[in-house]
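Enquirer: full-length UniProt numbering applies: residue 1 is where the sequence shown begins, and numbers increase by one.
Hint data in this document are derived by calculation from the structure and do not stem from the laboratory. Be aware that a few hints might be false.
In silico DSBU-like pairs for lysine-lysine, Cα to Cα no more than 30 Å straight-line [what the hints assert, rightly or not]: (1) Lys240 x Lys34; (2) Lys164 x Lys31; (3) Lys240 x Lys164; (4) Lys33 x Lys240.
Values in this document were obtained by computation on a predicted structure and should not be read as measured data.
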Amino acid sequence: MADITMARLHEAMVILYAVSLVFYFIDYLYKEKKASRIAMTLLGIVWVLQTIFLGLYIFETQRFPILTLFEGIYFYAWLLVTLSIVLRIFYRFDFAVFFINIIGFIFMTIHTFAPVQIERSPVGEALVSELLFIHISFAILSYVAFSLSLVFSVLHMILYRLLKQKKWTKQWSNLPSLSQTQQFMTISILVGISLLFVSLVLGLQWAYISLAEFSILDMKIVGSFILLVVYSFILWWHRKGSLNGMNYALAHTYAFLLLLINFFLGSRLSEFHFWY
1 MADITMARLH EAMVILYAVS LVFYFIDYLY KEKKASRIAM TLLGIVWVLQ TIFLGLYIFE
61 TQRFPILTLF EGIYFYAWLL VTLSIVLRIF YRFDFAVFFI NIIGFIFMTI HTFAPVQIER
121 SPVGEALVSE LLFIHISFAI LSYVAFSLSL VFSVLHMILY RLLKQKKWTK QWSNLPSLSQ
181 TQQFMTISIL VGISLLFVSL VLGLQWAYIS LAEFSILDMK IVGSFILLVV YSFILWWHRK
241 GSLNGMNYAL AHTYAFLLLL INFFLGSRLS EFHFWY
């Protein structure tokens with residue numbers, strides 16, 4: 001029972017860490033105080049749990065946990081979380097904090113679902129299964145976010161044409177404004193990019209510990225990384241002011257078509273993403 005509880009708590013830490021990254025990303029781009037507070041709260045919970053587990057491990061083994069690679073990764077992840085909290089509270093280095101937390105999340109995931117951890121734990125198979133479940137859940141949530149961006153991009157194009165052709169009537173009065181559709185497009189892909197990144201990290205870790213052989217050049221993996229890059233560039237160009245209005249809406253539409261291609265064709269061509 002104790003092993004199961006510990007495994008669940010470590011999984012919870014990974015999920016909380018992932019969600020905090022989403023809010024840090026929002027805070028980094030838009031300086032949202034509410035997002036910043038949520039991110040800090042979640043990261044604080046992760047740090048408290050990490051510190052408790054670290055203290056219990058030291059008490060149990062009567063030594064500092066840095067003698068093995070497995071122990072060193074955990075201590076390294078704890079140091080990164082500690083450093084990011086210190087930099088955020090005392091120095092407000094938002095850019096540094098965001099990327100430190102990305103590295104920390106990757107190593108926290110490696111530690112939680114590392115092969116040595118799976119082998120030692122009597123709930124190892126459950127951990128692998130739940131890692132896959134979390135990976136798929138975050139992937140689906142990212143697709144939902146990107147779908148929402150498509151909806152607002154289509155609304156933007158409809159509104160633009162109605163206004164340009166002067167066909168605005170009362171039946172369209174409940175629709176959002178052009179600025180609102182553009183704002184919600186941005187928020188949607190912002191969340192989608194964060195969730196997709198987390199999903200890819202978890203998915204690669206699952207493939208590494210579960211499959212005897214897998215290639216990083218698998219079509220679904222390559223397609224997902226291309227999708228992440230495309231959406232990131234759309235967001236970056238928009239932030240630079242180079243992509244706005246109809247062009248911005250069209251970019252979202254084309255990116256979603258790429259998502260559909262990757263979702264269906266990529267899965268069929270993949271060596272381990274199967275459809276039945």
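Enquirer: Against each hint, give a clear statement of whether it holds in the structure.
Expert: Here is what the structure says about each hint:
| no. | hint | verdict |
| --- | --- | --- |
| 1 | Lys240 x Lys34 | 24 Å, holds |
| 2 | Lys164 x Lys31 | 34 Å, violated |
| 3 | Lys240 x Lys164 | 26 Å, holds |
| 4 | Lys33 x Lys240 | 22 Å, holds |
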